[in-house]
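Under numbering that gives the first Met the number 0, the first residue of the sequence shown is numbered 0, with each subsequent residue one higher.
Treat the hints as calculated values from the structure; they're not laboratory data. Computed from a prediction, not measured in an experiment: that's the story for all the values here. All residues carry an ideal CB built from backbone N, CA and C; glycine is no exception. Incorrect hints may have been included.
[What the hints assert, rightly or not] Ranges between beta-carbon positions, derived for each pair:
| no. | residue 1 | residue 2 | range |
| --- | --- | --- | --- |
| 1 | Thr331 | Leu206 | 42 to 50 Å |
| 2 | Asp238 | Gly58 | 45 to 53 Å |
| 3 | Val112 | Thr252 | 29 to 37 Å |
| 4 | Arg309 | Asp238 | 57 to 65 Å |
| 5 | Asn43 | Ala132 | 50 to 58 Å |
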Amino acid sequence: MSQVADGPGVAGPAAQLPAEPEPGGGPRRGGRPRRRSVRSREENRAGLTLIAPTVAIIGVAVVLPILWAISLAFQRVRLINIRGTGFFGDYTLGNFQDVITSPGFGTALLTTVVYSVCGTALAIGIGLVAALALRTPFRGRGLIRASLLLPYVAPVVAATFVWTTMLNPQFGIVNWFGTTVLGWDAPVAFLSDRSLPVSLLGVQVELPIALLTVICFEAWRSFPFAFLFLTARLQAVPDVLDEAARIDGATPTQRFRHILLPQLMPTIAVLSVLRFIWTFNNFDDIYLLTGGGAGTEVVSVRVFDYLTARGDIGAAAAQALMLAVILAVLVTVYLRLFGREEEQA
Numbered sequence: 000m001s002q003v004a005d006g007p008g009v010a011g012p013a014a015q016l017p018a019e020p021e022p023g024g025g026p027r028r029g030g031r032p033r034r035r036s037v038r039s040r041e042e043n044r045a046g047l048t049l050i051a052p053t054v055a056i057i058g059v060a061v062v063l064p065i066l067w068a069i070s071l072a073f074q075r076v077r078l079i080n081i082r083g084t085g086f087f088g089d090y091t092l093g094n095f096q097d098v099i100t101s102p103g104f105g106t107a108l109l110t111t112v113v114y115s116v117c118g119t120a121l122a123i124g125i126g127l128v129a130a131l132a133l134r135t136p137f138r139g140r141g142l143i144r145a146s147l148l149l150p151y152v153a154p155v156v157a158a159t160f161v162w163t164t165m166l167n168p169q170f171g172i173v174n175w176f177g178t179t180v181l182g183w184d185a186p187v188a189f190l191s192d193r194s195l196p197v198s199l200l201g202v203q204v205e206l207p208i209a210l211l212t213v214i215c216f217e218a219w220r221s222f223p224f225a226f227l228f229l230t231a232r233l234q235a236v237p238d239v240l241d242e243a244a245r246i247d248g249a250t251p252t253q254r255f256r257h258i259l260l261p262q263l264m265p266t267i268a269v270l271s272v273l274r275f276i277w278t279f280n281n282f283d284d285i286y287l288l289t290g291g292g293a294g295t296e297v298v299s300v301r302v303f304d305y306l307t308a309r310g311d312i313g314a315a316a317a318q319a320l321m322l323a324v325i326l327a328v329l330v331t332v333y334l335r336l337f338g339r340e341e342e343q344a
């Protein structure tokens, strides 16, 4: 019997084509696993070579100092015996116990939280008002926008010097204006008085004037950062939504509440987290303005005092570690409570 020959282009039963490899580098069908090509190995080696300097720099400049600070927090280390201290030593929880039971730590922690929350909220609020005010084009808008960045880019030493001079109770322009124009009875020492008695609706209230002053300085220094973010987000809002609301007769308040604010909430959430973290760790503003006196001592100032005035490196490292842990807990709680809602918005 004759066998019918396979036609051109038709594979016969005896013909076997090599199995195609699975997508993604998987094993061949009916064959051995595909080996990694020489080119792929060279690319991996090149990638590791490129990122190796960055990893080394981060490890030396970031990871090692963090591990060193954590190690010091659990050791009795003072400035006089720092040279003989290593990563491993007599670990103890005594530093944390001394810090927690030390007088003024609770007050400093509360002051830090109040300073961070109020400074963050006020900075974002001022930045939002400025972004809304400069949303509509007009002549000179670019110059005004550029001038609003001066508080953020100015050196902190120069900014604190200007504020200290303006608020001086003897020759400051603020007290001169208050006593001459506003009729103040006496000049106010904004940076050295812990409290200021003020009568509100017939009720005598003690205002923490020094703390309020450093909060206002922090808001003035950092509101341009929020202004930049919010201005960029406002420019991305479709004009069609606002025009439709105008046609429907919505008031400016209604347009802001129902159109602009939902668009800005994710940006405001990110700004809140960033500004809170930076303000919570802030040191230079308060130290240059008040030195931590008059009820403005925050935990970062206490860390500096323990390190320089007392020479107690272990206690200073313990306070810094506690500050980082508290900040991590607060940020985690915030993200758990509001993070999902903001992502869905």
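The hints, checked one at a time:
Roughly 33 Å separates the CB atoms of Thr331 and Leu206, a value that falls outside the hinted 42 to 50 Å. Distance hint for Asp238 and Gly58: a CB-CB separation of about 49 Å, consistent with the stated range 45 to 53 Å. For Val112 and Thr252, the Cβ-Cβ distance of about 32 Å falls inside the hinted range of 29 to 37 Å, so the restraint holds. A hinted range of 57 to 65 Å for the beta carbons of Arg309 and Asp238 is consistent with their spacing of about 60 Å.
Distance hint for Asn43 and Ala132: a CB-CB separation of about 53 Å, consistent with the stated range 50 to 58 Å.
Violated hints amount to a single one, hint 1; each of the other numbered hints is respected by the structure.
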